[in-house]
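Peer 1: With the sequences and hints as input, model every part of the structure.
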Amino acid sequence: MAIWLSRSRKIAHFLNPKIAYFLQPEDFSYKIHVNYVNSSSFRTLSGENFRSPHAFLDNSATVSALQRRCRRPESTRAGEQVETRYSDDDYEDENQAMDFPGGRVSFTHEMKFISEAADKRIPCYRVLSDDGYLIAGSRFEQVDKETAVKMYKSMVTLQIMDNIFYEAQRQGRISFYLTSTGEEAINIAAAAALTSDDVILPQYREPGILLWRGFTLQEFANQCFGNNADYGKGKQMPIHYGSNKHNFFTISSPIATQLPQAAGVAYSLKMDKKEACVVAFTGDGGTKQFRSDGVVVKGQAYGIRSIRVDGNDALAVYSTIRAAREMVIHEQKPVLVEALSYRVGHHSTSDDSTKYRPVDEIEHWKTARSPLARFRKWVHKNGWWTDDEESELRGSIRKQLLNAIQVAEKTEKPQLAEMFSDVYDNLPSNLHEQEKSLRETIKRHRQDYPTDVPL
Amino acid sequence: MSADPKVFLMGEEVGEYQGAYKISKGLLEKYGPDRVVDTPITEAGFTGIGVGAAYYGLRPVIEFMTFNFSMQAIDHIINSAAKSNYMSAGQISVPIVFRGPNGAAAGVGAQHSQCYAAWYASCPGLKVLVPYSSEDARGLLKAAIRDPDPVVFLENELLYGESFPVSAETLDSSFCLPIGKAKIEREGKDVTITAFSKMVGYALQAADILAKEGISAEVINLRSIRPLDRSTINASVRKTNRLITVEEGFPQHGIGAEICASVLEDSFEYLDAPVERIAGADVPMPYAANLERISVPQVEDILQLTKVGRRLICKKTNEAE
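First to last, the sequence lines map onto chains Z and V. The opening residue of the first sequence carries number 1 in full-length UniProt numbering; numbering runs sequentially from there. The opening residue of the second sequence carries number 1 in full-length UniProt numbering; numbering runs sequentially from there.
What the hints contain is simulated information worked out from the structure, not anything from laboratory work. This structure is a prediction, so every number in the text was calculated from the model and none was measured. Treat the hints with caution; some may be incorrect.
Said to hold, decoys possible - Simulated pairs of lysine-lysine, DSS-like, Cα-Cα distance not exceeding 30 Å: (1) V:K239 to V:K307; (2) Z:K377 to Z:K145; (3) Z:K273 to Z:K245; (4) Z:K274 to V:K30; (5) V:K30 to Z:K270; (6) Z:K235 to Z:K436; (7) Z:K270 to V:K25; (8) Z:K410 to Z:K245; (9) Z:K270 to V:K22; (10) V:K183 to Z:K436; (11) Z:K273 to V:K142; (12) Z:K333 to V:K30; (13) Z:K333 to V:K6; (14) V:K6 to Z:K245; (15) Z:K120 to Z:K298; (16) Z:K270 to V:K6; (17) V:K189 to V:K307; (18) Z:K235 to Z:K413; (19) Z:K436 to V:K181; (20) Z:K413 to Z:K436; (21) Z:K245 to Z:K150; (22) Z:K153 to Z:K381; (23) V:K142 to V:K183; (24) Z:K274 to Z:K245; (25) Z:K145 to Z:K245; (26) Z:K235 to Z:K410; (27) V:K181 to V:K239; (28) Z:K273 to V:K6; (29) Z:K273 to Z:K333; (30) Z:K274 to V:K6; (31) V:K142 to Z:K270; (32) Z:K298 to Z:K333; (33) V:K239 to V:K212; (34) Z:K436 to V:K239; (35) V:K30 to Z:K273.
Peer 2: Below, the structure is given as structure tokens:
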């Protein structure tokens with residue numbers, strides 16, 4: 001599963017020296033309290049190929065050259081910006097390089113194809129071992145007891161919510177459901193690392209973010225049952241949650257449409273000058289249809305900084321998103337985070353994934369690689385969580401959910417007028433007529449009209 | 001753009017190049033690159049960005065170099081822009097305008113000549129406007145940008161070069177036209193001709209010629225395809241008792257089909273003759289100039305059909321055989 005973070009990047013953005021803030025490897029800790037465990041090399045986090053572009057700011061000749069050329073289209077200036085990352089030392093000999101629009105390229109007399117696969121795959125950042133021990137040498141952002149316990153409890157709540165709603169669908173009480181099982185760490189740790197001002201453009205497997213931000217179990221149930229308390233007024237199928245007050249955009253089914261839209265939201269956010277960013281989520285369906293080393297390698301292809309993180313390690317995800325958020329807000333550039341994980345559940349209640357993957361693989365990821373188990377061990381070891389609290393929590397959540405379902409089921413559906421509302425800002429005359437016509441039909445056939453839809 | 005800082009223009013060549021058809025000439029210089037944004041060649045990309053920006057409170061105007069290219073972005077237009085207000089139950093509004101030239105130009109071939117009025121007008125959640133004259137262009141575009149709903153604004157490349165007389169009222173900075181109202185360009189009593197965009201000009205020319213032959217045609221400039229001004233059209237048909245619809249686009253499921261259905265539903269008893277539809281030929285637009293000419297309605301077609309009617313033409317053909 002991959003996460004895009006974009007503060008905003010105007011399509012043709014000429015780098016404004018006033019806002020440039022370039023990340024030096026040593027600068028990583030500029031805003032984050034970093035916990036060192038036996039010191040470590042930073043390179044894994046920022047990527048080996050990330051070079052300091054300080055040369056750009058210090059080199060006044062470069063700056064004025066760019067200013068002189070300010071009549072040129074923005075796109076070529078973006079290219080120059082990339083070029084100045086690379087040291088000018090390489091290009092002393094005119095015969096060794098050529099100026100193309102967009103930058104200098106050195107020549108080679110060897111015909112060498114770039115391999116379709118790198119020798120080594122991009123390594124994956126993780127902090128907690130499978131047994132819940134901090135890995136020696138890890139750099140990560142420390143999480144206090146309150147946050148850690150809230151994270152763990154939220155992961156448990158998400159897991160139980162998924163189980164119970166899934167069962168409700170199987171019982172025919174709701175029409176559809178899909179779970180985030182296996183991806184609880186991504187959901188919750190990402191949510192915990194962000195602020196409530198950060199705008200979320202989800203795919204559909206991120207309800208944990210809403211949960212973290214205070215969406216209640218009753219509110220989830222209301223949407224699944226499409227009753228009159230549903231913020232979506234029953235207009236969408238289950239799990240298509242949306243809430244303006246939680247800065248969580250309503251879920252829209254088409255895959256990956258939210259990615260360019262997130263850039264647009266970020267552009268708008270930029271104009272508001274808020275200390276906030278946009279986070280767009282997407283999974284394999286939106287990205288990984290190719291024979292490449294996952295999605296992280298696409299970052300460089302797009303000129304976007306990227307990182308691969310263990311999506312089942314809540315601490316690693318937390319640290320990564322915190323760092324990425326800072327970069328995005330202060331540098332005003334997008335960041336790509338590839339969180340490796342495994343979708344334990346079926347795609348949805350309309351899917352039987354055993355048809356296309358082995359059952360023992362599912363079992364392995366469900367048990368041995370469970371993000372909850374791993375985080376629980378760490379929280380437990382810190383003395384922040386007990387088994388008694390565990391069973392109490394699980395019992396309580398279960399009860400709350402069953403109650404929420406009962407209440408949601410009994411709640412009336414949205415009234416008839418809502419069928420026609422919100423097509424446009426104002427109700428157009430043709431819909432007004434259609435509603436009138438429908439009501440007349442209902443009057444004539446009252447016995448056929450459903451009892452739980454108020455007129 | 002001067003009235004509202006949230007309005008911005010985005011599209012290919014809208015900035016440095018002054019607009020592919022010079023529509024945005026001078027805007028980059030006046031408003032700067034934050035509000036006049038040149039994009040790479042990716043309709044799916046910049047349309048998505050525009051929709052996202054509209055989601056979060058800006059008022060983008062997205063330009064397609066031609067609406068043929070809008071097909072690359074049509075999921076954003078239909079599934080995101082048109083439907084989001086409904087599917088979010090009012091939490092996400094999309095005050096966006098998609099504009100650009102639509103329909104046939106001259107010698108640009110099949111993939112650059114299609115009319116998209118029928119496609120977009122079929123989708124609830126969208127508004128679809130089609131200007132003809134300069135007054136239409138000014139008044140309707142302002143209305144579109146001010147409207148809180150997503151609007152598809154279908155211009156015409158050949159009309160860009162045409163001049164129209166305008167009143168002082170039109171030139172006033174506050175001038176705006178209502179969405180959903182057609183304009184009766186020419187009053188008449190013998191037959192109603194509905195048209196939009198370039199075809200309005202052709203219908204008016206035909207009406208002039210018909211007048212000399214004693215036929216008084218009422219020409220309706222639709223201006224708004226969705227919502228369609230059914231009441232103006234029906235009122236006119238009830239007066240004249242005959243209807244001819246004219247459009248450039250493909251005939252099946254076209255605008256004329258919808259107008260015909262509306263009139264049959266509301267004014268059946270008033271019709272003295274079947275409704276006639278004039279549309280483009282049911283073929284991908286050919287490139288050759290002579291073929292292109294006969295693939296698009298011409299003034300002669302309007303004249304011929306008004307005077308003779310389809311059934312009579314067929315009858316004559318049969319007799320010839």
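Peer 1: Next step is simple, just say for each hint if it's right about the structure.
Peer 2: Here is what the structure says about each hint:
1. Of the pairs offered as hints, the one joining V:K239 and V:K307 holds, with about 18 Å between alpha carbons and a cut-off of 30 Å not exceeded.
2. With a CA separation close to 14 Å, the supplied pair Z:K377 and Z:K145 stays within the 30 Å bound.
3. Note on Z:K273 and Z:K245: the hinted pairing holds, with a Cα-Cα distance of about 19 Å set against a maximum of 30 Å.
4. A hinted pair counts as satisfied when its Cα atoms are at most 30 Å apart, and Z:K274 with V:K30 qualifies at roughly 26 Å.
5. Among the hinted pairs, V:K30 with Z:K270 is consistent with the structure: their alpha-carbon atoms are about 21 Å apart, no more than 30 Å.
6. Taking the CA atoms of Z:K235 and Z:K436, the gap is about 20 Å. The hint holds against a cut of 30 Å.
7. The suggested pairing of Z:K270 with V:K25 holds, with an alpha-carbon distance near 26 Å, which does not exceed 30 Å.
8. Simply put, Z:K410 and Z:K245 have alpha-carbon atoms about 26 Å apart, close enough for the 30 Å limit, and the pair holds.
9. Only pairs whose Cα atoms come within 30 Å are accepted, and Z:K270 paired with V:K22 is accepted, the gap being roughly 29 Å.
10. With a C-alpha separation of about 28 Å, the suggested pair V:K183 and Z:K436 falls inside the 30 Å cut-off, and the hint holds.
11. Straight-line distance between C-alpha atoms of Z:K273 and V:K142 comes to about 28 Å, which keeps the hinted pair within the 30 Å bound.
12. Under the criterion of a C-alpha separation no larger than 30 Å, the hint pairing Z:K333 with V:K30 is consistent with the structure, at around 27 Å.
13. Distance check on the hinted pair: Z:K333 and V:K6 sit about 22 Å apart at the alpha-carbon level, within 30 Å; holds.
14. Taken as a hint, the V:K6 and Z:K245 pair is honoured in the structure, with Cα atoms around 22 Å apart against an allowance of 30 Å.
15. Distance check on the hinted pair: Z:K120 and Z:K298 sit about 15 Å apart at the alpha-carbon level, within 30 Å; holds.
16. A hinted pair counts as satisfied when its Cα atoms are at most 30 Å apart, and Z:K270 with V:K6 qualifies at roughly 12 Å.
17. Using a Cα cut-off of 30 Å, the hinted pair V:K189 and V:K307 holds, with the two alpha carbons roughly 14 Å apart.
18. Taken as a hint, the Z:K235 and Z:K413 pair is honoured in the structure, with Cα atoms around 11 Å apart against an allowance of 30 Å.
19. Only pairs whose Cα atoms come within 30 Å are accepted, and Z:K436 paired with V:K181 is accepted, the gap being roughly 23 Å.
20. Only pairs whose Cα atoms come within 30 Å are accepted, and Z:K413 paired with Z:K436 is accepted, the gap being roughly 20 Å.
21. Among the hinted pairs, Z:K245 with Z:K150 is consistent with the structure: their alpha-carbon atoms are about 21 Å apart, no more than 30 Å.
22. Between the alpha carbons of Z:K153 and Z:K381 the distance comes to roughly 16 Å, so the proposed pair stays at or under 30 Å and holds.
23. A hinted pair counts as satisfied when its Cα atoms are at most 30 Å apart, and V:K142 with V:K183 qualifies at roughly 17 Å.
24. Of the supplied pair hints, the one linking Z:K274 and Z:K245 holds, its CA atoms being roughly 16 Å apart against a limit of 30 Å.
25. Simply put, Z:K145 and Z:K245 have alpha-carbon atoms about 27 Å apart, close enough for the 30 Å limit, and the pair holds.
26. As the CA atoms of Z:K235 and Z:K410 are separated by approximately 18 Å, the hinted pair is consistent with the 30 Å bound.
27. A distance of roughly 18 Å separates the Cα atoms of V:K181 and V:K239; the hinted pair therefore holds under the 30 Å criterion.
28. Restraint check for Z:K273 and V:K6: the C-alpha separation of about 14 Å stays at or below 30 Å, so the hint holds.
29. The suggested pairing of Z:K273 with Z:K333 holds, with an alpha-carbon distance near 14 Å, which does not exceed 30 Å.
30. Between Z:K274 and V:K6, the direct Cα distance comes to roughly 16 Å. Compliance with the 30 Å bound is thereby established for this hinted pair.
31. Under the criterion of a C-alpha separation no larger than 30 Å, the hint pairing V:K142 with Z:K270 is consistent with the structure, at around 26 Å.
32. With a CA separation close to 16 Å, the supplied pair Z:K298 and Z:K333 stays within the 30 Å bound.
33. The hinted pair formed by V:K239 and V:K212 meets the criterion: a straight-line CA distance of about 21 Å does not exceed 30 Å.
34. For the hint pairing Z:K436 with V:K239, the CA-to-CA distance comes to about 28 Å; that is within 30 Å, so the pair holds.
35. With a C-alpha separation of about 22 Å, the suggested pair V:K30 and Z:K273 falls inside the 30 Å cut-off, and the hint holds.
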